[in-house]
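> Now for the letters of each chain:
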Amino acid sequence: MDLIRVFIQNATWGPFKDLINLLSLPAERTREWLTLLAAFMILCELTRLTIATVFTRSVLAHVSRCLLTFAVQAVTLALILVWADYRHPERAWTNLGYALLLYFIWYLAGQLVLLARPDTEGADLGFMTVGALITFPVGVIAALI
Amino acid sequence: MHSHMAIPIKVFRYLCLLTALANAGGNVGMLLFYRPILNLFGAPLPKDIYSFAFVCGFSFTVGVLAFMVFLAPEKTVPLLVVGIFGKAIYAFFTFYFWSHGALHPFYLIFGAWDAAYTVIFFLFLIRLVSPDLTVLNRGDILEGVDRSRTGKALFLYFSMTGNGSRAMNSVRKGLESAGYEVDEKICQPNESLFHFPFTLMVFLRIMLRAIFRVPTTLKPLEIADDHTYDLIVVESQTWFVGMSAPVEAIFQDPKNRYIFSGRDVAAVNVCRGLWQRPQAQLVRWLQSAGGNVVGARAYENPGHEPIRCFSLFFFLGTGAPGKPAFLKSILTQQHISDKAESELVCFGQALAERRRKVTPGLPPLIQSAGA
Numbered sequence: 001m002d003l004i005r006v007f008i009q010n011a012t013w014g015p016f017k018d019l020i021n022l023l024s025l026p027a028e029r030t031r032e033w034l035t036l037l038a039a040f041m042i043l044c045e046l047t048r049l050t051i052a053t054v055f056t057r058s059v060l061a062h063v064s065r066c067l068l069t070f071a072v073q074a075v076t077l078a079l080i081l082v083w084a085d086y087r088h089p090e091r092a093w094t095n096l097g098y099a100l101l102l103y104f105i106w107y108l109a110g111q112l113v114l115l116a117r118p119d120t121e122g123a124d125l126g127f128m129t130v131g132a133l134i135t136f137p138v139g140v141i142a143a144l145i
Numbered sequence: 146m147h148s149h150m151a152i153p154i155k156v157f158r159y160l161c162l163l164t165a166l167a168n169a170g171g172n173v174g175m176l177l178f179y180r181p182i183l184n185l186f187g188a189p190l191p192k193d194i195y196s197f198a199f200v201c202g203f204s205f206t207v208g209v210l211a212f213m214v215f216l217a218p219e220k221t222v223p224l225l226v227v228g229i230f231g232k233a234i235y236a237f238f239t240f241y242f243w244s245h246g247a248l249h250p251f252y253l254i255f256g257a258w259d260a261a262y263t264v265i266f267f268l269f270l271i272r273l274v275s276p277d278l279t280v281l282n283r284g285d286i287l288e289g290v291d292r293s294r295t296g297k298a299l300f301l302y303f304s305m306t307g308n309g310s311r312a313m314n315s316v317r318k319g320l321e322s323a324g325y326e327v328d329e330k331i332c333q334p335n336e337s338l339f340h341f342p343f344t345l346m347v348f349l350r351i352m353l354r355a356i357f358r359v360p361t362t363l364k365p366l367e368i369a370d371d372h373t374y375d376l377i378v379v380e381s382q383t384w385f386v387g388m389s390a391p392v393e394a395i396f397q398d399p400k401n402r403y404i405f406s407g408r409d410v411a412a413v414n415v416c417r418g419l420w421q422r423p424q425a426q427l428v429r430w431l432q433s434a435g436g437n438v439v440g441a442r443a444y445e446n447p448g449h450e451p452i453r454c455f456s457l458f459f460f461l462g463t464g465a466p467g468k469p470a471f472l473k474s475i476l477t478q479q480h481i482s483d484k485a486e487s488e489l490v491c492f493g494q495a496l497a498e499r500r501r502k503v504t505p506g507l508p509p510l511i512q513s514a515g516a
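Each protein sequence line maps, in turn, to chains P and H.
Just so you know, the first sequence maps onto residues 1 to 145 in this note's numbering.
Just so you know, the second sequence maps onto residues 146 to 516 in this note's numbering.
Among these hints, one or two may not hold up.
Now the in silico label distances, taken between C-beta atoms and shown as ranges [as the list claims (entries may be wrong)]: (1) H/Thr344 to P/Val59: 23 to 33 Å; (2) P/Pro15 to H/Arg283: 22 to 32 Å; (3) H/Ile234 to P/Thr12: 10 to 20 Å.
Taking beta-carbon pairs under 8 Å as the criterion, some of the chain P residues facing chain H (in silico) [as the list claims (entries may be wrong)]: (4) Ile42; (5) Val54; (6) Arg117; (7) Glu121.
In short, the hints are calculated from the structure, not lab data.
Quick reminder that beta carbons are idealized off the backbone N, C-alpha and C, glycines included.
Please construct the entire structure, taking both the sequences and the accompanying hints into account.
This is the structure we're talking about:
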């Protein structure tokens with residue numbers, strides 16, 4: 001038991017706490033969180049397009065692809081906007097502009113795949129717009145409150 | 146179809162060679178010359194030489210991996226996945242420790258390099274997986290099985306809103322113009338759930354079932370065990386990024402395997418915009434049932450996004466196209482374009498005229514109806 005207790009007591013949440021802090025989008029670390037979120041959007045879109053033609057009978061792959069169509073990105077950005085507004089309310093409207101930039105990066109990532117493979121859907125602007133209807137109203141409401 | 150230009154595969158191969166040289170050669174160089182190199186860039190010497198050596202060793206390994214991908218990309222697809230993880234994790238930790246001031250900016254060169262290669266490896270992976278689908282989507286009609294042609298085709302599909310029926314009618318025209326007889330079996334689910342128009346609750350049930358791939362069952366297709374169809378064409382609509390449940394149910398019942406086994410088969414997909422996964426699912430089911438896939442076509446409904454997406458939502462919500470009336474002028478049509486229909490007629494003709502594989506050592510078959 002002592003071994004387990006010592007093991008748990010010496011664990012660190014440091015990197016995760018730092019990540020949560022970074023996702024409050026502080027002005028002095030703009031370059032860092034923007035890089036992180038851009039990488040997140042790009043990786044989500046590339047993963048979505050990678051699993052399009054593989055694991056065709058896998059429920060997990062299918063659910064993942066459905067979620068990556070817009071829900072994961074849109075909801076994550078919405079939550080980040082709310083969290084950032086809570087921590088730095090003076091930056092709420094600026095953050096909405098950055099969210100728009102991230103949507104543009106998401107779109108570019110999808111279209112980039114068309115250069116690699118001709119028979120690909122590319123970015124799905126339709127469902128991205130549905131995603132935007134989740135992210136931006138939440139962000140605007142958070143900014144107004 | 147999908148005919149725009151793409152980056153040649155050899156560009157991806159040489160990018161792999163580049164990172165192979167950089168990772169493998171560069172890390173040997175770093176281990177040998179890290180003092181002068183770090184001095185040159187004003188970076189401090191590593192505090193922990195063991196960790197530094199380990200990182201160089203792992204990075205060297207990724208170089209070997211990239212070289213293997215360069216040598217035989219088609220045979221090393223899983224290595225690309227490993228490479229993506231390796232490069233992404235390395236890039237992430239580089240930026241993480243740099244952002245905490247624990248890493249000299251010199252190391253950002255490696256982080257940026259690996260971030261770029263994460264994307265490059267992803268693109269190469271996307272290019273390499275399921276190459277047979279690329280051939281089909283190029284518009285090729287592949288050779289049929291080496292068996293006598295009866296000039297009879299069977300269509301199997303389920304069309305809830307009529308878009309699929311429209312597509313299959315076009316394929317039928319093409320086949321019939323080339324002398325084929327066409328029979329069709331519309332899938333009839335045992336559940337009454339799958340109908341259109343539907344209520345919001347029914348829509349939500351269909352949606353959740355489609356996302357979680359909940360199967361359904363069909364009434365017997367009643368196709369003779371020794372049927373004489375030499376071509377089976379299956380159509381599926383996209384339901385939430387996947388093929389529709391009633392069409393998938395054909396294949397989920399092992400008793401239906403005989404319909405496709407040893408026959409030429411073709412796949413048709415119609416949808417709002419997400420055709421890739423449903424097509425892959427349909428083609429893989431056809432193959433697993435023993436069918437010889439000779440052709441595939443996928444068509445999106447016409448129109449620009451995002452209005453096309455919202456037009457679909459309005460269509461599904463109101464149960465009719467062009468509603469609500471005040472938006473009629475901007476809503477897009479809920480079926481494939483006339484051009485797509487013309488192409489599907491040609492597809493039908495091309496299927497009818499498909500060549501036959503010649504099995505070495507067997508005498509050629511004389512009978513060749515419809516070909």
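> Each hint should be assessed against the structure and marked as holding or not.
Now the hints, each set against the structure:
no. : hint                            : verdict
1   : H/Thr344 to P/Val59: 23 to 33 Å : holds (26 Å)
2   : P/Pro15 to H/Arg283: 22 to 32 Å : violated (47 Å)
3   : H/Ile234 to P/Thr12: 10 to 20 Å : holds (18 Å)
4   : Ile42                           : holds (7 Å)
5   : Val54                           : holds (5 Å)
6   : Arg117                          : holds (5 Å)
7   : Glu121                          : holds (5 Å)
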